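In terms of numbering that gives the first Met the number 0, the sequence shown opens at residue 0 and continues consecutively.
Misleading hints may appear alongside valid ones.
[Said to hold, decoys possible] Once the Cα atoms are required to be at most 35 Å apart in a straight line, the calculated DSBU-like pairs of lysine-lysine come out as: (1) Lys-74 - Lys-269; (2) Lys-238 - Lys-284; (3) Lys-177 - Lys-238; (4) Lys-172 - Lys-237; (5) Lys-172 - Lys-74; (6) Lys-237 - Lys-177; (7) Lys-177 - Lys-284; (8) Lys-238 - Lys-269; (9) Lys-284 - Lys-237; (10) Lys-177 - Lys-74; (11) Lys-238 - Lys-172; (12) Lys-74 - Lys-237; (13) Lys-172 - Lys-269; (14) Lys-238 - Lys-292.
Quick caveat, the hints were computed from the structure, so don't treat them as lab data. Bear in mind that the values here come from a model prediction, so they are computed numbers and not experimental data.
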Amino acid sequence: MSKILIFTVLIFVSLIYADEGFAQSETSKSLPVVLEPYSAHAFPLEGWGNAVVDPQVPTLHGAPHLFGDWFGTRKWLNRRGLYLNVAVNEEYMGNVRGGRTRSDVLAGQVAAELDIDWQRLAGVSGLWTHLLVINGHGRNFGYNLGDSVTNPEQIYGGRGNVVAHLVAMYAEKTFLRKRIVVSAGDIPTGSFFAYDYVACSFMNVSVCSNFAPGKYVPGGRDWPSGNLGGVVRVFPAKKVYVMGGIFAVSPHAYNGGISGWALAQSGLGKVSSQVEVGWMPWFGKHALRGNYKIGAWYDNSRYPNLYADIHGNSF
Numbered sequence: 000m001s002k003i004l005i006f007t008v009l010i011f012v013s014l015i016y017a018d019e020g021f022a023q024s025e026t027s028k029s030l031p032v033v034l035e036p037y038s039a040h041a042f043p044l045e046g047w048g049n050a051v052v053d054p055q056v057p058t059l060h061g062a063p064h065l066f067g068d069w070f071g072t073r074k075w076l077n078r079r080g081l082y083l084n085v086a087v088n089e090e091y092m093g094n095v096r097g098g099r100t101r102s103d104v105l106a107g108q109v110a111a112e113l114d115i116d117w118q119r120l121a122g123v124s125g126l127w128t129h130l131l132v133i134n135g136h137g138r139n140f141g142y143n144l145g146d147s148v149t150n151p152e153q154i155y156g157g158r159g160n161v162v163a164h165l166v167a168m169y170a171e172k173t174f175l176r177k178r179i180v181v182s183a184g185d186i187p188t189g190s191f192f193a194y195d196y197v198a199c200s201f202m203n204v205s206v207c208s209n210f211a212p213g214k215y216v217p218g219g220r221d222w223p224s225g226n227l228g229g230v231v232r233v234f235p236a237k238k239v240y241v242m243g244g245i246f247a248v249s250p251h252a253y254n255g256g257i258s259g260w261a262l263a264q265s266g267l268g269k270v271s272s273q274v275e276v277g278w279m280p281w282f283g284k285h286a287l288r289g290n291y292k293i294g295a296w297y298d299n300s301r302y303p304n305l306y307a308d309i310h311g312n313s314f
């Protein structure tokens, strides 16, 4: 069996240090942020962001920035509840020895995210809205090597040949002192359910974030695709959560079309539903992360094959 030596170079330039929302990768620890007199805060379920300001999806207020404070613009926006992030992520990968062929590929994306804290902006307590769009380029390195199973570069795929591909667009509202969070809109379901927060330290999307085949079927798509639906999360304790969600299932190859913006697609009569209970503890003096969860998923739509695509290739 031929040995394969693969080299990888990850180029990551962020206008505001990016999180999972931009590349589904492991992130740095949170930075302390104090905004007076009101400080947006909720129980952090995953801790991906650099500031604890939102119940689920991270916003990057307080993160290190390549160009500082934008001459005061960032501070002005943040005090009004507007958290804007733009990031560039490039991943270069090549096979220098062994295998079937020598090849190398550059893949990447430009992403923009706007999170709005409506309590700060308009006095609406516990309401957030989230919008995330991306522009991707490159190709799958696996195709060059004759591999239809794995996708070595997690930044590639599903982005469509469009200027701004929609990833997420939804609202969140908290109740009972933020112990209940209700989310509704176009949601990447895999970013909420069956997500492994500690498995995305490397490029390879095959081992990152979600189980297969769940993340490859229309009823449970994750980044950069979403499903119309809603999620209810309950936090009985700081490190414990219970949540459930219902999502529309698209019968088409792409949820929301190739651009992601065709939310009213035809054939959305079937639904998938998911439930999950999780415990997210920290251990030891270094606060090492624990990630324990159990859940179930029911989808009343029909799939010709759970383990192969329309061409007969393995998911």
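Status of the hints after comparison with the structure:
no. : hint              : verdict
1   : Lys-74 - Lys-269  : violated (44 Å)
2   : Lys-238 - Lys-284 : holds (17 Å)
3   : Lys-177 - Lys-238 : holds (14 Å)
4   : Lys-172 - Lys-237 : holds (18 Å)
5   : Lys-172 - Lys-74  : holds (24 Å)
6   : Lys-237 - Lys-177 : holds (11 Å)
7   : Lys-177 - Lys-284 : holds (28 Å)
8   : Lys-238 - Lys-269 : holds (33 Å)
9   : Lys-284 - Lys-237 : holds (19 Å)
10  : Lys-177 - Lys-74  : holds (25 Å)
11  : Lys-238 - Lys-172 : holds (20 Å)
12  : Lys-74 - Lys-237  : holds (29 Å)
13  : Lys-172 - Lys-269 : holds (26 Å)
14  : Lys-238 - Lys-292 : holds (12 Å)
Of the numbered hints stated above, the single one contradicted by the structure is hint 1.
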